[in-house]
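*Asks:* Sequence:
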Amino acid sequence: MALSLHLGGRGELLVLLHGIGSRWQVWAPVLPRLEERFEVLVPTLAGASVPELADEVLRLAGDGPFHVAGSSMGGGVALELGRRGAARSVTAFSPIGFWGPASRRWCQASVTAARGCARALAPALPALSRTAAGRVALFGLFFGHPTRVDPEAGLADARHLADGPGFAVARAAFARHRFAGAEALAGIPVTIAWGTRDLILPAFQARRAERLLPSARHVRLPGCGHLPFADDPRTCADLIVQGPAER
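The numbering of the sequence shown is this note's numbering, which starts it at -16 and goes up by one.
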């Protein structure tokens, strides 16, 4: 279910998909660049499994094909849409599904801990988000450069993480999700980008992605965290814009 959405720009349709516990505004740093090239649809989706989220995107955007970029769980959904033939191009930032059992459990535990902290610290969130040290404490798990996070945006992100619906359902669904479908993706431009300072899905999973999806373009993002858009918005936007030109 779409809780809210943003639509802007003009051109070929591009759909942007957030990760677990997040919201469409996580893409805000890259939207100005993307809307110069695409009509950009960015929904906030309630938590669900990857196949269920792919179904919801198709209800919102039509059967496609359209360009799609996703972050974390949204990256897994983007790859699923590519596997289904609904995508013209796929750009996935630190997508889920290239994990082993231990790294999958770490991901589940870390995002659960972040949600718990956001709830426990709710009264202090406004004050913490206004200071550089507070942003490091609140957002350091997700961003390579947490002090670059806009305080008001970070506060809203933390509140959504604390209260967003479907979190437990999506987290449980991680256990059933592993990447598959490399053959179906071989015919479209696919970019997999990974921040070198990703603490949620550590970058060793990028090497597994290279092995399992050799037809893709694989990019490392120096100094970037799990959510690289505030860390290096221009590079992230350029990767999405350049994706359709790869073939």
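None of these hints come from the bench; they were simulated from the model.
Do not rely on the hints blindly, as some may be mistaken.
As the list claims (entries may be wrong) - Cβ pair distances, simulated, as ranges:
{"hint": "1", "residue 1": "R161", "residue 2": "D38", "range": "15 to 25 Å"}
{"hint": "2", "residue 1": "G(-6)", "residue 2": "R159", "range": "34 to 44 Å"}
{"hint": "3", "residue 1": "P197", "residue 2": "A136", "range": "35 to 45 Å"}
{"hint": "4", "residue 1": "D38", "residue 2": "L195", "range": "18 to 28 Å"}
{"hint": "5", "residue 1": "S198", "residue 2": "A120", "range": "18 to 28 Å"}
{"hint": "6", "residue 1": "P109", "residue 2": "S198", "range": "42 to 52 Å"}
{"hint": "7", "residue 1": "D146", "residue 2": "S93", "range": "27 to 37 Å"}
{"hint": "8", "residue 1": "P106", "residue 2": "G164", "range": "27 to 37 Å"}
{"hint": "9", "residue 1": "A120", "residue 2": "A11", "range": "33 to 43 Å"}
{"hint": "10", "residue 1": "L(-12)", "residue 2": "D46", "range": "11 to 21 Å"}
{"hint": "11", "residue 1": "D46", "residue 2": "V119", "range": "17 to 27 Å"}
{"hint": "12", "residue 1": "P106", "residue 2": "A136", "range": "17 to 27 Å"}
{"hint": "13", "residue 1": "D146", "residue 2": "G123", "range": "34 to 44 Å"}
{"hint": "14", "residue 1": "P109", "residue 2": "G83", "range": "18 to 28 Å"}
Where a beta carbon is used, it is the ideal one built from N, C-alpha and C, also for glycine.
*Asks:* All hints, please: hold or fail.
*Replies:* Comparing the hints with the structure gives:
1. R161 to D38: 15 to 25 Å: With Cβ atoms ~19 Å apart, the hint holds.
2. G(-6) to R159: 34 to 44 Å: Given range 34 to 44 Å: holds, Cβ gap about 36 Å.
3. P197 to A136: 35 to 45 Å: holds (37 Å)
4. D38 to L195: 18 to 28 Å: holds (24 Å)
5. S198 to A120: 18 to 28 Å: Cβ of S198 to Cβ of A120: about 41 Å, so the range 18 to 28 Å is violated.
6. P109 to S198: 42 to 52 Å: At roughly 46 Å between Cβ atoms, S198 and P109 fall inside 42 to 52 Å, so the hint holds.
7. D146 to S93: 27 to 37 Å: For S93 against D146, whose Cβ atoms are near 19 Å apart, the range 27 to 37 Å is violated.
8. P106 to G164: 27 to 37 Å: violated (45 Å)
9. A120 to A11: 33 to 43 Å: Taking Cβ atoms as reference, A120 and A11 lie about 22 Å apart, which means the hint is violated.
10. L(-12) to D46: 11 to 21 Å: holds (18 Å)
11. D46 to V119: 17 to 27 Å: violated (44 Å)
12. P106 to A136: 17 to 27 Å: holds (19 Å)
13. D146 to G123: 34 to 44 Å: Distance hint for D146, G123 is violated at roughly 21 Å.
14. P109 to G83: 18 to 28 Å: Distance hint for P109, G83 is violated at roughly 39 Å.
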